[in-house]
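Join the two chains, each given in its own frame, into one complex according to the hints.
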Amino acid sequence: MNNEIAEKIKGMLVENLRIPEDELEYDSELFGDDIGLDSIDSIEIIAGIDELFGVDMTGADRENFQTILTLTSFVEAHKEG
Amino acid sequence: MSGKTRCVVTGLGLVCAVGSNVSECVDAIYSGKTGIKEVRAFDTEQCYTHKGAESDLTNEQLGSENYDRSSLLCIKAAEEAVDDSGLVLSEEDKSRIGVILGSCVGGAISIDKYYSDIKKNGSGDKQDIPKMTASAMAANVCTHFGLCGITANIVNACAAGTLSLSYACDLIRSGRADVFLAGGSDGFSSLAYAGFHGLHALAQDSCSPFNHSNGISLGEGSGVLIIESYEHAVKRGAKIYCEILGSGVSSDAYHITAPRPDGEGQMSAINKAVRNSGLDFSDIDYINAHGTGTAKNDEAEFLSLKTLFGNDPGLSVSSTKSMTGHCLGAAGSIEAVLTVKAIEQSCVPPTIGYSDEDIRFLSEKSGGIDFVANKAKSKNIDYAMSNSFAFGGNNASIIFSKKEHPTEDRTSTEPIYITGIGTVDTQKTDDKGFVAELKSADFKERNVKTAFFRKLDRFSQLQLLSGIDALSDSGIEVTADNENDIGMIIGTADGPLTEIVNFQKNVIEKGTQSGSAFLFPNTVYNAAGGYLSIFTGIKGYNVTVANGAQAGLQSVCYACDAIHNGDAKIMLAAGTDENTDVENELYGEPGYVLGEGSVSMILESKDSALHRNSKIYAEIAGFATARTAVKYGTLDGSEQALGKAVAEVLGCTGLNAGDIDCVYGFKNGKKSVDDIEDRLLPELLPGIRVIEATTETGDARAASAAMQLSRAAKAIADGKINNALVLSYATGGMYTAVLVKRV
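For the record, the sequence lines run as chains A and B. Using our numbering, the first residue of the first sequence is number 2, and each one after it goes up by one. Using our numbering, the first residue of the second sequence is number 2, and each one after it goes up by one.
Take these hints with a grain of salt, some might be off.
What the hints assert, rightly or not - With a straight-line cut-off of 16 Å between C-alpha atoms, the simulated EDC-like cross-links for lysine to aspartate or glutamate are:
| # | chain 1 | residue 1 | chain 2 | residue 2 |
| --- | --- | --- | --- | --- |
| 1 | B | Lys511 | A | Asp35 |
| 2 | B | Lys433 | B | Asp582 |
| 3 | B | Lys450 | A | Glu52 |
| 4 | B | Lys511 | A | Glu52 |
| 5 | B | Lys445 | A | Glu24 |
Claimed, not checked - If the Cβ cut is set under 10 Å, some of the chain B residues that face chain A in the computed set are:
| # | residue |
| --- | --- |
| 6 | His201 |
| 7 | Arg447 |
| 8 | Thr451 |
| 9 | Phe453 |
| 10 | Phe454 |
| 11 | Arg455 |
| 12 | Lys456 |
| 13 | Asp458 |
It should be emphasised that the hints constitute simulated quantities derived from the structure, not laboratory data. No residue lacks a Cβ here, since even glycine has one placed at the ideal position from N, Cα and C.
Next up, chain B with everything else stripped away, as it sits in the complex (with noise of 0.2 Å):
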């Protein structure tokens, strides 16, 4: 038994095209009926297909709220989960249960209402706008339950779904919470099914697995699973469904849409889930498959289960998309659903839509693996992993386990450095606030090539620029030897908003017909880590979070845990926002100064810091997020989360508050947001000097965040000061503070 808290499953809640809840999804997945029928939620009648697996519930069934879908099919699968759990949320203690999301499109059914209701009635409806980002989604469901545990949206497309699980047993490894509920959602939205239309990467009928393979159906849904620690199951006396054992992460550094065709990437992810597992491969008695339907993925697939599996007849393949359809962001989240019960029901899934010739062709090319096609199989599994494998070269695999099972303790509390800068300047305009002048010159100096660059969107360009200069800022090369130990960490609040509405615009004036191929792989929120991957060649741990401005303080204590963990030697951790015309549209008002920016910092333990002799700029004292749940596009009420970050980060650096030399602040120009800085401060910290950033930057969200712990780290490097208190916000009543001090 070894000393690595414990992470078990204790609820399951489901909604998508095949049920409204885990009892009716699962009955349909083990009888073979699939979710995938005729498009409803919009016109498809020019698209060259028109099938989708939409769940049957109205916005109305599904919740009262005022939300966007992907929110509200969340909150359906998270009330299910919670009672499931039997958790009493009013006799546990909230702060220490969050939520921990994947989406792929967060608001964008949202915001294709705002701009078509702009097209047909001049305006558009207001209350739409905050709906809108990503970063909404676990705040609205974290204030749904009144819950005060750390939130993050991860926005890892395809694989989102399984890196949130993974990201929050982390947390709880790292002792920074008991429970959560964590998976994904995603609305069905004509933003994906024109994209994936553009691409010609949708299934004609319905998709086929593994079999002819010649696209996806496109599906919604949301799957949510209560993670808590061993410690606590037991303690409440909650049953417990299974372990959740470790998971891999890895990044293809490849192509921003298709799959590395050799499968090392995804190896790679698969290999680190067997391994932090403590596992064989022949351990593994169930696969459930990213099995997306489309050539380029089920190749790579198949050739990567094939290559480590080999001809073992004790594994077990599927793929539930078949059936549920592709759910994007929700994928991993609904997969784990469905493996948690294919072990507690020893019953694996099929993959349907195979004639008996298929079926004989499949099992010639499987050779011993046994892929399960039509009719569900009774088989015992002790061990069950899902794969999920996402746009931008993003690989993510977990493990679920019936028994105990020892896994190595691989947690490290060695301090942390940052060792490297890279920001993106900004000036003040007349029309827009503050703004970087990319050029095409920015680009040919890094090495950039115009074949590389003019892909991207400004938000990949902004962060493309800052990761290249911090890096190089550090001295990192990036070779053969230490490509996967260098992972990064992407934070912002609006990702890349203008691409999205820009694709929306269009799709919205042409039809859903008219996706743009060639915008449509930047809508992504992860593509900006994607392309930074592609360029420089790292292939470790790729995550990027939505969650508010403080995403960009949030990206930096991810980052640490990361190293903590064991999953990364260096961590790159960035908080990026672009500012153009549509932000301005969306977000202006009289007086707020919007800005944009990119600042990527580089983060090691100390021994990798020593080893490598780089420059120190501050060591990562200690970090706190506290939040009170209000609702989200406000802060009043949340006043005492700011108090308890502060409070906590002080003790857990064992600091006072008359030691701390300076705060950099969080005020961006809006009254609410500032008036709780002006009023909390001397309270919390009395005399203290305050240091803002909006003067310089405007509110460039994530990337002011950022910028304010890179411009304490300089200053402590430069002798200026010995530490500082550096803190954010997001809005919804979330709060982070990180301290910083000098080696």
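In isolation and in its complexed conformation, chain A is listed as follows (with noise of 0.2 Å):
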């Protein structure tokens, strides 16, 4: 796994979305009851993917969004050059 762009995933979560950065592992599950995204908070992780590394999950399956590991992955195999 590519730490820095988890690192920036993570960063972008606790900025955009307000989730404690404390209570925000790499393997917590966002949708989960603790973290408790919702879609509105999908569209912000839409964005701010978008924005961050030029990467497209609009459509994309949803077991992507389910942690920063996934979301790094999906970055990872999607990020060009």
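Laid out in structure tokens, this is it:
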């Protein structure tokens, strides 16, 4: 896993979605009961990933949004260059 | 015939995308002409839609005053309404004429301009700062006409325009005024456009309510109604359009943007409106629906109407938003004007944009209910309803009647007690004045999960904490048995300004297509009340008032009136304002210390308090509001109103100046404000002890005002004093006085 990408995604989630940093691990279930992201938040994640990496997650499968790890894998797989 | 004061409509004013006055708008609506065109106000090139419904009038054409467009639109409509009503203001007692306005975005256009100027030129125009808050609107209209009655800006997003009419009627019924200029106004803002764009809630093409329902078309405009007591209207020989029989207000307690899919909250508001009007569902001839054109709204509203009205063939329904666009806080007021005209002209306006196939499908789906599509329909209308539903889960429904109809007088004059207090404490910092330290632990110890509180902006977080604590202090558990009988009034000067500014800066930086779906729901002033209702399950009356610092006391006055009007048994009244870098940058000046906070108080009737065996802090013995209309942003020349508010509150409680133990004052560290208190109080209440808030809280505006009342109530409960007079002010010359005493 690319730590640099994961750290950037974590920073974006803390900043844009106000997830308390100390409660957010790379494998935390983002859409689980504790952090509780919803459909509006996924719009925000799509915008954030696009802005950070130029990767479009529109229409991507739900599994890709589950954790920072899955988001990182998606970005790694689709990032140009 | 009951003893209930009758409220009648005697004047109408309207400006929106389909016309610049009532007659133009009505002609367009009855011809099915749309005002939805290509957006002109800002760049939408990168957006997935380019449609909007803007007024043709420029700011210069609307008015000569240097106000935000929302205020200018409103003054234009108000001029027409006053003219139409035949009111000769110079012959009227102006202290009995007030202004109640609804708005969603307030001064968003001025916020856009200020920060766009900073981006372009490195600095913004300081004159734009006082235009930013929704607090300015009613004051501006009041000053324009030189009125001295009660003002309020009802800021419950898309329900605001209907709630303002409802509140105006309640105030007339409470005897607090004879006449109101009531309605709503919102200018066409990149804030709202970018926000709905971010939520993917804008229709690609023109909106299509109850049809394809693929989003809203944003609009702008203002509707103003002259509402007055029947007696006042008859005495001056006014033309009477119709009577406002009653209204219903509720809260979904479900989701911050989406309505409850089962329509429970909407049906609760509609039910209350019908009941309060002394009618049956079968009496309603026409409903101007909320009908925004989003799938979620249209499905829930369709279900609500079908459930309550069955297949009533006598009911016609339409959404005029198909032509005016969704004018947010003005929507309810614009639709009220069109509903009143529908009654007058015996003609139901259509929902436009249906193909023949759409019409066939609609009539199959709607059963007997007559959804009027494409063409206006002649029909006698005795009773008409207008619905407005909003972000935050706020629902409002109001009923207009062609004829006099007896309604039950539900008003009472029972004593009202303060039975709970919740306060967010603040500490002085070196750089920003007084701020609260909001930690995850504060929420978790109140059982608020991360998943919930992380969504809230600072303003909403402050309100949530004080609200939970006040309910807990009062020993109130919200259950299925009492959830509809508990309501709330949130008072604020500046609302969620930080979230609004951050959202807007992002739009300025990245473009209208980049509105944050996460931040946008919090940019409406009523989000804080919405979150509090969602968390606690409170489903009753729910209003947020933006009206300067005194909003923290006005919320208490409003809550008392709501209890006396039978709208709720228990009310939470709050004053909340935040203090961040944004407020410091905009409002900071040498020697002036800003603060923040939130104070919520539980108010209930004596009967309710005794029944629950509540702890009692103090009784609200009386309250009064007075205004000398001066320019918004100033107080100079308004001294007389402070004296009037004090005299009135003493008068209504039967006390003399010498009977008052102490005053909780409104000094905030600004010379113009402090001077008025220093000069007048020794005259009004010689030798009185005055307790100030600023040294302990900074100027936390509405939170300071509510804090002062809570401190007075606690001092009474602790046996330190027997009574206290609590005073507050709003820039533009409004003063509120609340007298509390030992029970």
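Which of the stated hints cannot be reconciled with the structure, identified by number in ascending sequence? 1, 3 and 7
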